[in-house]
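Chain residues, written in single-letter form:
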Amino acid sequence: MPVFTGTELTCLRGDRLVFTGLDFRIGPGGALVLLGPNGSGKSSLLRVMAGLLKPIRGQLAWDGVPVPEDPDGHRAQVQYVGHLDAVKPVLTAAENLAFWAALAGAADPAANALAALDRLGVPHIAGVPGRYLSAGQKRRLNLARLLAAPAALWLLDEPTVALDRAAIALFEGLIAEHRAEGGMVVLSTHTDIATPGGDELHLDEFAPYGEPYAEDDGAEGGEPDTAPDLAPDTAGERAAP
Amino acid sequence: MSRFLRLVGRDLRLALRQGSDATIAVMFFVLCVVLFPFGVGPEPNILARIAAGVIWVAALLASLLSLERLFQTDYEDGSLELLSLSPLPLEAAVLAKTLAHWLVTGVPLIVAAPLLAVLLNMDAAGFGVLVLTLALGTPILSLIGGIGAALTLGARRGGVLLSLLILPLYIPVLIFGAGAIDAALNGLTPRPHLLLLACILAGALPLAPWAGAAALRQAVE
Chain A
1 MPVFTGTELT CLRGDRLVFT GLDFRIGPGG ALVLLGPNGS GKSSLLRVMA GLLKPIRGQL
61 AWDGVPVPED PDGHRAQVQY VGHLDAVKPV LTAAENLAFW AALAGAADPA ANALAALDRL
121 GVPHIAGVPG RYLSAGQKRR LNLARLLAAP AALWLLDEPT VALDRAAIAL FEGLIAEHRA
181 EGGMVVLSTH TDIATPGGDE LHLDEFAPYG EPYAEDDGAE GGEPDTAPDL APDTAGERAA
241 P
Chain B
1001 MSRFLRLVGR DLRLALRQGS DATIAVMFFV LCVVLFPFGV GPEPNILARI AAGVIWVAAL
1061 LASLLSLERL FQTDYEDGSL ELLSLSPLPL EAAVLAKTLA HWLVTGVPLI VAAPLLAVLL
1121 NMDAAGFGVL VLTLALGTPI LSLIGGIGAA LTLGARRGGV LLSLLILPLY IPVLIFGAGA
1181 IDAALNGLTP RPHLLLLACI LAGALPLAPW AGAAALRQAV E
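Protein sequences, first through last, are from chains A and B. Note that the first sequence covers residues 1 to 241 in the working numbering. Note that the second sequence covers residues 1001 to 1221 in the working numbering.
If you're looking for bench data, these hints aren't it; they were derived computationally from the structure. Among these hints, one or two may not hold up.
Said to hold, decoys possible - Taking CB as the label site, the calculated pair distances span:
id : chain 1 : residue 1 : chain 2 : residue 2 : range
1  : B       : Phe1004   : A       : Pro71     : 38 to 46 Å
2  : B       : Gln1218   : A       : His190    : 25 to 33 Å
3  : A       : Ala76     : B       : Arg1157   : 47 to 55 Å
4  : A       : Asp70     : B       : Gly1019   : 20 to 28 Å
5  : A       : Arg131    : B       : Arg1157   : 51 to 59 Å
6  : B       : Val1040   : A       : Ala162    : 41 to 49 Å
7  : B       : Leu1035   : A       : Ala76     : 21 to 29 Å
8  : B       : Gly1019   : A       : Asp192    : 24 to 32 Å
9  : B       : Pro1192   : A       : Pro71     : 39 to 47 Å
10 : B       : Cys1199   : A       : Val65     : 23 to 31 Å
11 : A       : Arg131    : B       : Val1040   : 44 to 52 Å
12 : A       : Ala169    : B       : Pro1168   : 52 to 60 Å
13 : A       : Gly29     : B       : Gln1218   : 48 to 56 Å
14 : B       : Trp1210   : A       : Asp70     : 19 to 27 Å
What the hints assert, rightly or not - Far from chain A, by Cβ distances over 10 Å, these chain B residues were calculated:
id : residue
15 : Arg1010
16 : Phe1028
17 : Glu1068
18 : Gly1078
19 : Ser1084
20 : Pro1087
In this text, all values refer to a predicted model and were calculated from it rather than measured experimentally. Virtual Cβ for every residue (Gly too), placed ideally from N, Cα, C.
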């Protein structure tokens, strides 16, 4: 199993430097819990790791091979669970899941989908169209994607939002199992998710307090931030010394 | 390839279950053409003269109508992020979604066009060429429109912006599409026009998905 590393990562959103000089390393069976206040860049770091967002400096690598040299290999290793559940209202839960499993290359996506729903404790929603699912059920369906389309590295952005206590316990068990098989997990959370032996990464340690980035050259500036919940914290951080 | 077909299949299934997109485009097309006899008067000669142009302009507008939603729902529910992270190259995903869009909105236009040509008193000599130009032209409309849909993703009032961005790019398709029919009606060969349309299609087929994918990567950042 390979080792996933990031070195000297710097992320820019709009004209705001979110974090800078960030290093991490995850080995087989490892877990990395991202901690920090709202707006400290947990989601941004996960998006950088997934490849959705390009870091303006620094690099990600698998066993020392930079991700840009093998983007296809990177995509095959990663499963990303973001804030949005990607559930189509007119497709049933099983169809939604089978599509993503098939896209990831599963041999029998329909069977994978049913098995994954069963593992998440919601086999009864298989035939229910997405528009009738509750928020918690949609979330479980989204998490079921991790099992239906297996990948070595799970990137989880607040995976337990909308989940009840029992589901969180169930999910902790799935993470432990994934790690026992040599898988890796990076997650951000505001509730406690037990990840025994996992590392913690405090993102506020990498926050560049001070002026917004590069006001003089203005490169990449001007793009409005798409995450409105970041705005108040931005103001707070800029006011801080 | 199977992933590509999976995505086409999913989009077709979504369109058929929602139903609205496909029927709205073709209904708009029919209504738009039907308005002309009311506007310019029911004189057969005038209608026959403008038939080719009217049908083509209506086809442009009808295909534009549903383009806004080509990537919109996937963008809003997070599917687009997952698509861009999947092993299927984003260019192929754009092509698959464009193909599904054409099958759902373009093909019904091709089917409805000869009926509207009868309505406008077009000479029967032009029917074959009309269908042929639409068969070559509507995929171009979907392909070029896909670039615009990707570029305007996340913009407020994206639909209006999309029209302003894309309609000028449709002009060559309109010229050669309507030109081929006019040529056939006047006893000339429509071949040069058809070849030029085919040439645009051959160029748009690899370039449009590439440009669309680049725009989508910006949108999901």
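Results of checking the hints against the structure:
One distance hint, 38 to 46 Å for the beta-carbon pair B/Phe1004 and A/Pro71, is violated here, with the actual separation near 18 Å. A hinted range of 25 to 33 Å for the beta carbons of B/Gln1218 and A/His190 is consistent with their spacing of about 30 Å. For the pair A/Ala76 and B/Arg1157, the supplied restraint of 47 to 55 Å is violated, since their beta-carbon distance comes to about 38 Å. At about 42 Å, the CB distance of A/Asp70 to B/Gly1019 disagrees with the hint of 20 to 28 Å.
The hint said 51 to 59 Å for the Cβ distance between A/Arg131 and B/Arg1157, and at roughly 26 Å that hint is violated. Our hint of 41 to 49 Å for B/Val1040 and A/Ala162 is violated, since their Cβ atoms are close to 58 Å apart. Taking 21 to 29 Å as the suggested C-beta distance range, the pair B/Leu1035 and A/Ala76 does not conform, at roughly 53 Å. A hinted range of 24 to 32 Å is violated for the C-beta pair B/Gly1019 and A/Asp192, which are about 45 Å apart.
Separation of B/Pro1192 from A/Pro71 is about 43 Å and conforms to the stated range, judged on CB atoms against 39 to 47 Å. Taking the beta carbon of each, B/Cys1199 and A/Val65 are about 42 Å apart, not inside 23 to 31 Å as hinted. Taken as a hint, the range 44 to 52 Å holds for the pair A/Arg131 and B/Val1040, whose Cβ atoms sit roughly 45 Å apart. The supplied range of 52 to 60 Å is met by A/Ala169 and B/Pro1168, whose beta-carbon atoms lie about 58 Å from each other.
For the hinted restraint 48 to 56 Å between A/Gly29 and B/Gln1218, the CB-CB distance of approximately 36 Å leaves it violated. Between B/Trp1210 and A/Asp70 the beta carbons are some 21 Å apart, a value that agrees with the proposed interval 19 to 27 Å. The claim that B/Arg1010 is not at the interface with chain A is violated, since a C-beta of that chain comes within 10 Å of its own (minimum 5 Å). Under the 10 Å C-beta cut-off, the non-interface status given to B/Phe1028 relative to chain A holds; the minimum distance is some 22 Å.
No Cβ of chain A comes within 10 Å of the Cβ of B/Glu1068; the nearest lies about 18 Å off, and the non-interface call holds. Chain A draws B/Gly1078 into its interface by the beta-carbon criterion, the shortest separation being 3 Å against a cut-off of 10 Å. For B/Ser1084, the non-interface assignment is contradicted: its Cβ lies about 7 Å from the closest Cβ of chain A, within the 10 Å cut-off. Not every C-beta of chain A lies more than 10 Å from that of B/Pro1087, the closest at about 6 Å, which undercuts listing it as non-interface.
Checked against the numbered hints given earlier, the structure breaks hints 1, 3, 4, 5, 6, 7, 8, 10, 13, 15, 18, 19, 20 and satisfies all the rest.
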